[in-house]
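**Q** Whenever a hint applies, use it, and build me the whole structure from the sequences.
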Amino acid sequence: MTREEITTGLAEILEEVAGVNPEDVAEGKSFTDDLDVDSLSMVEVVVAAEEKFGVKIPDNEVQNLKTVGDAVSYIEAQS
Amino acid sequence: MSGSRIVSLGHYQPSRVVTNDEIAQLVSTNDEWIRDRVGIVSRRIAESSESVADMAAAAADKALANSGLTAADIDLVVVATCTAADRSPNVACRVAGKLGITAPGAYDINTACSGFAYALGTVDHAIRAGASRNALVIGAEKLSDVVDWTDRTTCIIFADGAGAAVLTATGEGEPAGVGPVVWGSVPEKSDAVRIEGWRPYVRQEGQSVFRWATTSLAPLALQACERAGVAPEEIAAFVPHQANTRIIDGIARRLGMPHAVVAKDIVESGNTSAASVPLALSKLVERREVPSGAPVLLFGFGGGLTYAGQVVRCP
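Top to bottom, those sequences are chains H and P.
Numbering-wise, the first sequence is residues 1 to 79 according to UniProt numbering.
Numbering-wise, the second sequence is residues 1 to 315 according to UniProt numbering.
Watch out, some of these pointers could steer you wrong.
Said to hold, decoys possible - Listed below are the simulated BS3-like cross-link pairs for lysine-lysine, each with C-alpha atoms no more than 30 angstroms apart in a straight line:
#, chain 1, residue 1, chain 2, residue 2
1, H, 29, H, 56
2, H, 66, P, 189
3, H, 56, P, 189
Claimed, not checked - Simulated restraints, written as ranges between beta carbons of each label pair:
#, chain 1, residue 1, chain 2, residue 2, range
4, P, 25, H, 26, 37 to 43 angstroms
5, H, 63, P, 2, 47 to 53 angstroms
6, H, 64, P, 293, 48 to 54 angstroms
7, P, 47, H, 1, 58 to 64 angstroms
8, H, 19, P, 48, 40 to 46 angstroms
9, P, 150, H, 26, 34 to 40 angstroms
10, H, 64, P, 68, 36 to 42 angstroms
11, P, 171, H, 38, 50 to 56 angstroms
12, P, 49, H, 61, 44 to 50 angstroms
It is worth saying that the hints were derived from the structure and are not from the lab.
All figures in this text were calculated on a predicted structure; none of them were measured in a lab.
Backbone N, C-alpha and C define an ideal beta-carbon position, used for all residues, glycine too.
**A** As structure tokens, this is what we get:
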């Protein structure tokens with residue numbers, strides 16, 4: 001899977017879970033500061049991403065995923 | 001073998017209402033943030049002179065008055081709590097003393113927020129084993145005693161209150177009103193909710209608890225329905241621990257219970273740990289939102305991490 005494909009997949013999840021406009025989703029964007037995803041919605045995003053990409057993202061890893069790019073890199077490395 | 005059923009319910013909340021605006025004077029937070037993240041609009045906080053036993057006894061007194069039984073009929077008192085100030089006597093003995101119940105079996109049970117469903121399970125077992133005929137099961141908490149009023153992640157959530165149920169043995173051929181309990185725990189996640197130490201304060205890893213609650217609990221709650229022989233579509237009300245409206249919604253979405261009223265007492269009562277399930281159930285019944293005899297799914301979860309739930313027939 002390419003980074004672009006992972007980003008597109010995350011954008012779909014972010015739209016469904018937190019109502020984020022997919023056009024706003026880019027690697028440099030911060031989940032909390034730019035996309036207004038709060039800490040609980042972030043958990044829902046992570047759970048949906050595990051299912052969609054077939055990866056495991058443990059609780060202690062979630063706080064390290066500050067930007068969309070962080071999440072893409074993590075998923076890319078795991079899958 | 002005969003089982004047990006809930007005869008009646010009762011609840012008690014302290015009179016003092018604390019709004020989100022008042023909390024915002026103590027820590028950096030605001031009404032909109034609290035409503036959005038937790039779903040709480042206001043909560044009840046006990047006076048310093050008001051104990052867990054006082055609240056437990058007040059709720060139990062109402063449940064007893066609603067039952068048609070008297071103190072003399074009660075042979076077992078079980079209190080679920082994690083905030084009793086004293087190690088001995090336990091809250092159950094204090095409640096028995098306040099209500100004039102003589103010589104009951106009396107014990108407290110501490111599984112934090114899942115406490116009421118655990119207590120209901122053990123009392124149902126006691127009745128099935130012939131160790132009790134009529135019992136009081138109570139959830140009562142004074143979380144305000146263990147809240148760190150400088151910690152904005154927790155002090156917005158927790159509150160005080162009590163709920164109680166009177167249980168009785170069912171007769172020959174009468175269907176059981178309390179279904180089999182499904183219970184368990186997740187010891188490896190014990191650090192997710194803590195009230196530790198000699199002068200304890202409540203602490204929790206919010207994201208970790210949220211993830212566990214919204215992903216792991218719905219299948220367990222459905223197991224309680226299956227063990228009771230009740231299809232999810234038949235459930236008339238779902239009364240989960242009142243932890244956070246977003247957790248409640250997250251679990252409810254996964255249950256597939258189109259006809260169930262979902263209890264949201266947290267909005268006006270906050271998170272009262274072991275008291276939250278009986279408190280919410282008692283109010284639903286008082287408002288006649290659930291018909292008598294209808295199946296209600298109870299499900300407690302929290303510190304431990306522990307969980308327990310069962311289907312009960314509405315009194």
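**Q** Now tell me, hint by hint, if it's right for this structure.
**A** Against the structure, the hints:
A C-alpha spacing of about 22 angstroms is found between residue 29 of chain H and residue 56 of chain H, which places the hinted pair at or below 30 angstroms, so the restraint holds. For the hint pairing residue 66 of chain H with residue 189 of chain P, the CA-to-CA distance comes to about 24 angstroms; that is within 30 angstroms, so the pair holds. A distance of roughly 17 angstroms separates the Cα atoms of residue 56 of chain H and residue 189 of chain P; the hinted pair therefore holds under the 30 angstroms criterion. Evaluation of the 37 to 43 angstroms hint for residue 25 of chain P and residue 26 of chain H yields a pass: the beta carbon distance comes to about 40 angstroms.
Between residue 63 of chain H and residue 2 of chain P, the C-beta spacing of about 52 angstroms keeps the proposed range 47 to 53 angstroms intact. The hinted range of 48 to 54 angstroms is satisfied by residue 64 of chain H and residue 293 of chain P, whose Cβ atoms lie roughly 52 angstroms apart. Checked against the given bound of 58 to 64 angstroms, the beta carbons of residue 47 of chain P and residue 1 of chain H, roughly 59 angstroms apart, stay inside it. Hint check: residue 19 of chain H to residue 48 of chain P, Cβ distance near 43 angstroms, so the stated range 40 to 46 angstroms holds.
One distance hint, 34 to 40 angstroms for the beta-carbon pair residue 150 of chain P and residue 26 of chain H, holds here, with the actual separation near 38 angstroms. Between residue 64 of chain H and residue 68 of chain P the Cβ separation comes to about 59 angstroms, which falls outside the hinted range of 36 to 42 angstroms. The supplied range of 50 to 56 angstroms is met by residue 171 of chain P and residue 38 of chain H, whose beta-carbon atoms lie about 52 angstroms from each other. Our hint of 44 to 50 angstroms for residue 49 of chain P and residue 61 of chain H holds, since their Cβ atoms are close to 47 angstroms apart.
When held up to the earlier numbered hints, the structure conflicts with hint 10 and nothing else.
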